[in-house]
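Residue numbers (our numbering), protein chains in the order written: chain A, 311 to 617; chain B, 311 to 617; chain C, 311 to 617; chain D, 311 to 617; chain E, 311 to 617.
By construction, these hints were calculated from the structure, which means they are not laboratory data.
Some hints could be false.
[What the hints assert, rightly or not] If we take Cβ atoms under 10 Å as the criterion, some of the chain D residues that face chain E in the derived model are: (1) Thr345; (2) Ala366; (3) Ile382; (4) Phe395; (5) Asn415; (6) Gly555.
[As the list claims (entries may be wrong)] Coverage of chain E stretches by chain A, computed from C-beta distances (three or more under 8 Å per stretch; other residues unrestricted): (7) 369-376; (8) 487-500; (9) 506-515; (10) 542-552; (11) 595-603.
[What the hints assert, rightly or not] Here are the simulated BS3-like pairs of lysine-lysine, each with C-alpha atoms no more than 25 Å apart in a straight line: (12) B:Lys516 to B:Lys529; (13) C:Lys571 to D:Lys529; (14) D:Lys598 to E:Lys598.
Fair warning: this is a prediction, and the values are worked out from it, not measured in the lab.
Glycine is no exception: its CB is placed at the ideal position from the N, C-alpha and C atoms.
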Amino acid sequence: MNDRIREILSWYASENPGVRTNLARMLNHGRLGGTGKMVILPVDQGFEHGPARSFAPNPAGYDPRYHFQLAIEAGCNAYAAPLGFLEAGVSDYCGEVPLILKCNNHDILNDEKDPISAVTSGVSDALRLGCVAVGFTIYPASAERTEMYQQLRELTEEAKAAGLAVVVWSYPRGSSLSKEGETAIDVVTYAAQIAAQLGADIIKVKLPGAKVELAEAQKVYQKYEIPISTLAERVHHVIQSSFDGRRIVIFSGGAATEDEKFFEEVRAIRDGGGFGSIVGRNSFQRKKSDALKFLGTVMGIYEGSVK
Amino acid sequence: MNDRIREILSWYASENPGVRTNLARMLNHGRLGGTGKMVILPVDQGFEHGPARSFAPNPAGYDPRYHFQLAIEAGCNAYAAPLGFLEAGVSDYCGEVPLILKCNNHDILNDEKDPISAVTSGVSDALRLGCVAVGFTIYPASAERTEMYQQLRELTEEAKAAGLAVVVWSYPRGSSLSKEGETAIDVVTYAAQIAAQLGADIIKVKLPGAKVELAEAQKVYQKYEIPISTLAERVHHVIQSSFDGRRIVIFSGGAATEDEKFFEEVRAIRDGGGFGSIVGRNSFQRKKSDALKFLGTVMGIYEGSVK
Amino acid sequence: MNDRIREILSWYASENPGVRTNLARMLNHGRLGGTGKMVILPVDQGFEHGPARSFAPNPAGYDPRYHFQLAIEAGCNAYAAPLGFLEAGVSDYCGEVPLILKCNNHDILNDEKDPISAVTSGVSDALRLGCVAVGFTIYPASAERTEMYQQLRELTEEAKAAGLAVVVWSYPRGSSLSKEGETAIDVVTYAAQIAAQLGADIIKVKLPGAKVELAEAQKVYQKYEIPISTLAERVHHVIQSSFDGRRIVIFSGGAATEDEKFFEEVRAIRDGGGFGSIVGRNSFQRKKSDALKFLGTVMGIYEGSVK
Amino acid sequence: MNDRIREILSWYASENPGVRTNLARMLNHGRLGGTGKMVILPVDQGFEHGPARSFAPNPAGYDPRYHFQLAIEAGCNAYAAPLGFLEAGVSDYCGEVPLILKCNNHDILNDEKDPISAVTSGVSDALRLGCVAVGFTIYPASAERTEMYQQLRELTEEAKAAGLAVVVWSYPRGSSLSKEGETAIDVVTYAAQIAAQLGADIIKVKLPGAKVELAEAQKVYQKYEIPISTLAERVHHVIQSSFDGRRIVIFSGGAATEDEKFFEEVRAIRDGGGFGSIVGRNSFQRKKSDALKFLGTVMGIYEGSVK
Amino acid sequence: MNDRIREILSWYASENPGVRTNLARMLNHGRLGGTGKMVILPVDQGFEHGPARSFAPNPAGYDPRYHFQLAIEAGCNAYAAPLGFLEAGVSDYCGEVPLILKCNNHDILNDEKDPISAVTSGVSDALRLGCVAVGFTIYPASAERTEMYQQLRELTEEAKAAGLAVVVWSYPRGSSLSKEGETAIDVVTYAAQIAAQLGADIIKVKLPGAKVELAEAQKVYQKYEIPISTLAERVHHVIQSSFDGRRIVIFSGGAATEDEKFFEEVRAIRDGGGFGSIVGRNSFQRKKSDALKFLGTVMGIYEGSVK
């Protein structure tokens with residue numbers, strides 16, 4: 311284990327050796343192993359958006375085994391998916407890539423204003439499937455957030471006792487936020503802070519915009535002239551807001567977009583001190599050869615081999 | 311055990327031997343045993359629609375023993391019913407047909423917009439009654455779906471630990487869907503995907519229509535020109551959406567209809583790669599001799615002896 | 311044990327010997343013991359309607375011991391009451407009459423549109439008080455019915471494991487039913503079917519009227535010309551709807567009424583194949599000597615000694 | 311133990327010896343010990359109405375120890391209070407007065423139409439504090455009453471298993487009752503009946519007025535000419551409605567009032583066959599010397615030494 | 311242990327030795343150790359108000375380790391924070407300052423009218439992190455208060471059984487209170503009383519204003535001429551309302567304000583018999599050297615070395 315990984319693990323000194331071992335497994339796996347950076351492949355869109363919207367662009371993705379193969383060949387640090395997808399493929403790939411069991415899920419067949427995901431799996435599933443971590447989504451700003459925080463607390467307590475790391479997707483959504491407000495810089499940093507305070511080992515947030523949503527926060531951003539004009543500055547502010555850089559925070563790119571724009575965002579994450587990316591639709595919604603090339607560029611930017 | 315059954319079981323490699331044994335029991339039972347196709351007799355209409363609507367057309371069906379006899383004589387792969395119906399007949403037919411205990415039920419004496427079924431039995435009941443599987447209905451699109459998914463998750467965890475297979479009826483219903491939308495192709499495939507992600511071993515959906523309900527989905531169906539004009543194509547798309555054919559999906563015919571129309575649907579299921587039918591009202595709401603003939607034709611289509 | 315009782319018990323072959331023993335205790339007790347008919351004394355009106363409305367007509371009934379004495383002297387098959395009434399009298403009458411602990415209760419101090427009873431006692435109470443069965447009310451058609459079905463399921467599971475029989479009061483009530491609809495023939499038979507499917511050993515329903523409430527049901531009653539014009543025909547249809555006569559179904563007479571009218575109803579229950587009556591207000595709201603005479607006539611009709 | 315106490319205990323023959331022992335401890339304690347009458351000091355007003363409204367009239371009452379001293383010096387049968395008040399004083403007075411732990415409480419900082427109290431302590435607390443009983447308030451007529459009855463049932467089951475007696479405050483309140491209706495004679499007797507049916511050992515109700523609230527009840531009161539014109543008659547009717555006098559029922563005097571009026575009420579309780587009083591604000595909201603004199607008169611009326 | 315600490319501990323004679331030991335650890339720690347006064351550093355604002363609003367004024371505070379250092383160097387009696395903040399720093403400071411785990415938290419991304427905090431950690435966390443106490447916020451006046459009281463009761467029961475002290479933040483908030491009403495004298499004293507009755511060992515309230523909110527209370531304040539015109543008088547009244555001074559009550563200063571005004575408030579707390587301050591934003595939102603000076607003055611006022 312190199313010094314950078316030792317340093318990162320030192321931030322988790324309150325965790326038991328089991329949790330730190332599983333964090334190390336992710337940090338030391340794949341092409342970015344040992345760099346302290348991470349690229350994770352998440353595939354929960356079949357549940358979250360429906361199968362055709364997720365897999366029609368690259369029908370190979372209907373097969374649960376495809377995503378294991380993609381994550382392995384691309385050298386991702388981990389692969390995250392719901393119960394069904396992991397169960398339907400894991401037996402062919404035991405031990406080939408660290409797995410994160412996504413333990414709650416939300417569909418859009420009834421798209422309520424204040425969403426809450428259903429708890430769809432848990433620690434015993436993660437253990438029997440050989441996972442290194444559990445994943446959980448919270449929607450701060452939803453009227454249902456109290457319930458979600460408490461579900462996460464229960465999952466976290468049980469997961470860590472079993473030596474599993476906890477990865478939290480913290481996505482502000484709800485009736486009291488505008489669409490743009492969901493990625494406002496003060497809202498994203500608040501979401502990261504909440505996840506950190508709830509005990510998340512790895513935090514996943516969306517890339518923040520320059521908007522400040524809350525009036526009380528706006529006063530502070532102006533008074534203290536917090537720099538948030540560039541994306542790298544905003545990433546830096548997110549990292550700062552996550553215990554001053556002492557928690558692993560990774561960013562999602564969101565909807566499929568132009569490659570070069572995506573790479574620019576990755577550079578901003580890197581320059582702002584972010585720990586990496588979680589890349590779903592931009593990777594599995596193109597042919598595998600294209601995806602491997604795409605992910606190769608992303609990882610190259612993080613490891614410094616690509617500008 | 312023949313190669314086709316071995317192949318099907320290979321998709322369930324994450325399940326323990328108990329679950330795979332019970333899947334094999336269903337796949338190898340009855341006239342279609344060993345073909346990889348299934349015809350299941352379900353009789354929960356007494357609870358779901360009331361006794362007269364269910365049994366007046368063929369009053370022999372008021373007697374719980376009748377349906378055991380029908381399933382056995384017709385050579386069905388399994389018989390599914392609620393607690394009371396199984397309890398009131400099983401002692402006379404122990405081991406003669408694989409049984410599925412339907413563990414939740416809904417009546418229409420108070421027909422709410424966003425339905426949820428009551429949990430009416432569970433794993434301990436299934437075990438003491440000699441069942442091979444538990445059955446559970448979810449209504450994706452209902453505002454109550456989160457609760458149902460979580461109930462299913464608990465049942466699934468307990469059932470599989472006891473070696474029971476899990477059969478999920480996935481029927482989109484709720485205030486946000488039109489009646490026609492309940493069988494829209496994007497909605498039915500989404501419902502199948504959700505059931506698969508939740509860990510269903512066998513998925514039961516309704517035959518889909520050609521409508522696409524959700525605007526975001528419609529864009530994808532058009533852009534990628536997903537073929538959905540024939541029923542067989544739509545069945546194929548459902549199968550694809552259920553882990554690319556690696557989960558058993560069977561179809562319900564719905565309300566009683568003309569026989570020839572029903573057989574046409576069975577042919578489409580067969581041609582689209584579906585795994586079989588679950589035939590309730592079309593079988594038990596006619597005289598037993600007629601029902602045996604009718605089911606014989608259905609099975610004949612699946613096994614290839616009838617065109 | 312005579313053949314009729316053996317036959318009745320054979321319908322309950324799925325139950326453990328403890329439950330069948332307690333069913334036999336009721337069937338073999340009192341004046342109607344061994345006939346396969348039952349008359350049960352229920353006294354939960356103090357809770358359900360208030361004390362003065364219940365006991366002012368015959369103030370002896372304020373004393374919990376009175377009802378034990380009445381049930382014993384009349385030769386009833388069983389006496390059913392809430393926790394407090396049983397606790398306050400049982401010590402003086404241990405083993406003299408089979409007891410049914412009514413485990414949920416409802417008052418009318420806040421008479422909501424969609425009622426649910428409170429769970430007021432349970433299996434451990436029934437066991438320590440020497441009861442043979444637990445009783446539970448469900449209100450199909452109430453928006454709260456899902457919760458009630460699930461409470462009943464839990465009680466049933468626990469009760470049967472302890473060898474107690476389960477008696478279900480199935481009374482359709484709720485915002486979606488008219489007052490007359492509560493005793494419509496399709497609604498009462500539906501309520502009986504639901505109780506049977508939920509695992510009830512003994513089902514108690516109200517005597518049905520000739521109205522058909524639900525439009526979908528009405529089509530079936532007309533198409534198949536189900537005979538429901540006489541009370542005896544309707545009783546027969548209820549029995550048919552309760553697993554074709556393979557579950558014990560008894561009827562309540564409702565509010566106090568003229569004796570001769572009541573006896574006519576008893577004859578219809580007998581002629582329609584019903585298993586007996588549960589007689590509350592008509593028995594305990596008159597002097598004991600009158601009540602004994604009244605109940606004697608009822609039992610006489612059932613045993614055939616009175617026309 | 312004298313014959314009257316033996317007689318009272320005989321009504322509780324279903325209770326285990328532990329419960330009967332604790333009932334005896336209260337009945338045999340203090341100035342009224344052995345008379346079968348009780349005067350209990352309750353001090354939960356700090357929680358229910360706020361501290362200044364409760365204790366400003368006699369600031370000594372801010373100190374939790376004061377009320378122990380008052381109950382002991384006055385010779386009350388028992389002292390009842392919430393967790394905090396008992397915890398903060400009990401160590402100085404172990405065994406000097408029977409204690410009732412009031413296990414739920416309600417404040418008026420948010421005074422809802424359909425109240426429910428919070429469960430604030432339980433059986434393990436009562437046992438470690440040396441109590442003889444638990445106390446619990448229900449609000450029949452509140453839309454939340456079902457939940458309260460079920461909470462009481464759980465508490466009762468646990469308490470009696472531990473040998474503790476159960477004291478129920480049964481106060482009808484809720485959106486469907488007028489203020490005057492809360493003390494209507496039919497409503498108060500109904501509330502007493504419900505408490506008795508729920509298994510209360512001691513029932514506390516408010517003194518009833520002559521109004522009859524419910525239309526259905528009114529018919530009965532008129533038809534049977536139930537005497538309710540004097541307070542003593544109404545007390546008698548409450549006692550009758552509580553299992554014909556076979557449950558201990560005590561009455562609260564309500565808000566502080568003129569002493570002579572209060573003594574008149576006590577005489578009516580005595581003459582109507584009531585078992586005693588629970589005297590809160592009228593005792594602790596005056597100087598201790600005055601309170602001792604006041605309570606002395608009340609006890610004198612019950613024991614017959616004062617007219 | 312000196313006599314004052316012994317005296318304070320004597321008020322907690324009902325607590326087990328474990329709880330009293332942990333109370334003693336706080337009372338005997340830091341600069342005010344042994345004085346019977348306390349100054350506690352709480353840092354939950356990252357969760358409650360968001361990271362920038364909390365830490366931008368002094369960015370060193372983004373780092374969880376900073377607050378441990380501040381509390382230690384300032385000689386605070388204890389440091390209180392949510393799970394994440396304690397976990398991320400405790401390993402470097404084991405045993406250097408008594409820790410209070412704040413077990414519930416609330417954010418303002420969805421700021422509802424009747425708030426309830428999410429339970430975010432518990433007793434097992436407090437124990438594994440070496441804490442001396444758990445902290446919990448209740449919002450009396452919220453429509454959700456019943457749930458909060460019951461959550462607190464469960465936490466308290468478990469915490470005290472494990473020897474942990476219980477610190478309750480009692481902040482009236484909710485739809486039925488005006489903003490000014492939240493700190494009305496009758497409301498704050500009521501909130502303190504509720505916390506005390508619920509079993510709090512240490513109570514934290516806001517400094518009260520001179521307003522009386524509730525009409526019924528106003529009558530009492532006027533009739534008994536309760537002195538509430540000066541802040542010291544109001545503090546005295548809060549202490550009186552918390553079991554006549556037999557519970558430790560500390561006060562929060564609220565939002566950052568001018569230093570001299572803050573010191574005046576501290577003097578009023580001291581003069582009114584308050585037990586100390588909980589100082590968050592006024593301490594960690596300035597440079598550490600300034601904060602140490604500021605806290606030094608506060609402590610000096612309490613210990614008498616500063617006027």
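(request) Verify the proposed pairing of Lys598 (chain D) with Lys598 (chain E), using a straight-line Cα cut of 25 Å. (result) 54 Å, violated
(message) Please check whether Ala366 (chain D) passes as an interface residue: C-beta within 10 Å of a C-beta belonging to chain E.
(response) 4 Å, holds
(request) For the pair supplied as a hint, Lys516 (chain B) and Lys529 (chain B), confirm whether the alpha-carbon distance does not exceed 25 Å. (result) 23 Å, holds
(request) With a cut-off of 10 Å on the beta carbons, see whether Asn415 (chain D) makes it to chain E. (result) Hint on Asn415 (chain D): holds, closest Cβ of chain E at ~7 Å, below 10 Å.
(request) Apply the coverage criterion to the stretch 506-515 of chain E and chain A: a residue qualifies when its Cβ sits closer than 8 Å to a Cβ of the chain, and three qualifying residues are needed. (result) violated (count 0)
(request) Examine the stretch 369-376 of chain E: at least three residues should have C-beta closer than 8 Å to a C-beta of chain A. (result) holds (count 4)
(message) Interface hint check: Thr345 (chain D), Cβ to nearest Cβ on chain E, cutoff 10 Å. Holds or violated?
(response) Interface hint status for Thr345 (chain D): violated (32 Å vs cutoff 10 Å).
(request) May I ask you to test the interface hint for Ile382 (chain D) with respect to chain E, counting a Cβ-Cβ separation under 10 Å as satisfied? (result) Ile382 (chain D) check fails; min Cβ-Cβ to chain E is 18 Å, beyond 10 Å.
(request) Please work out if Lys571 (chain C) and Lys529 (chain D) have their alpha carbons no farther apart than 25 Å. (result) With Cα atoms ~23 Å apart, Lys571 (chain C) and Lys529 (chain D) stay inside 25 Å; holds.
(message) If you count the residues of the stretch 542-552 of chain E with a beta-carbon closer than 8 Å to a beta-carbon of chain A, do you get 3 or more?
(response) violated (count 0)
(request) Tell me if chain A covers the stretch 487-500 of chain E under the three-residue, 8 Å CB rule, please? (result) Coverage by chain A is violated for the stretch 487-500 of chain E (0 residues, Cβ < 8 Å).
(message) Checking hints one by one. Is Gly555 (chain D) an interface residue toward chain E, by the C-beta closer than 10 Å rule?
(response) 35 Å, violated
Checked against the numbered hints given earlier, this structure breaks hints 1, 3, 6, 8, 9, 10, 11 and 14; the rest are met.
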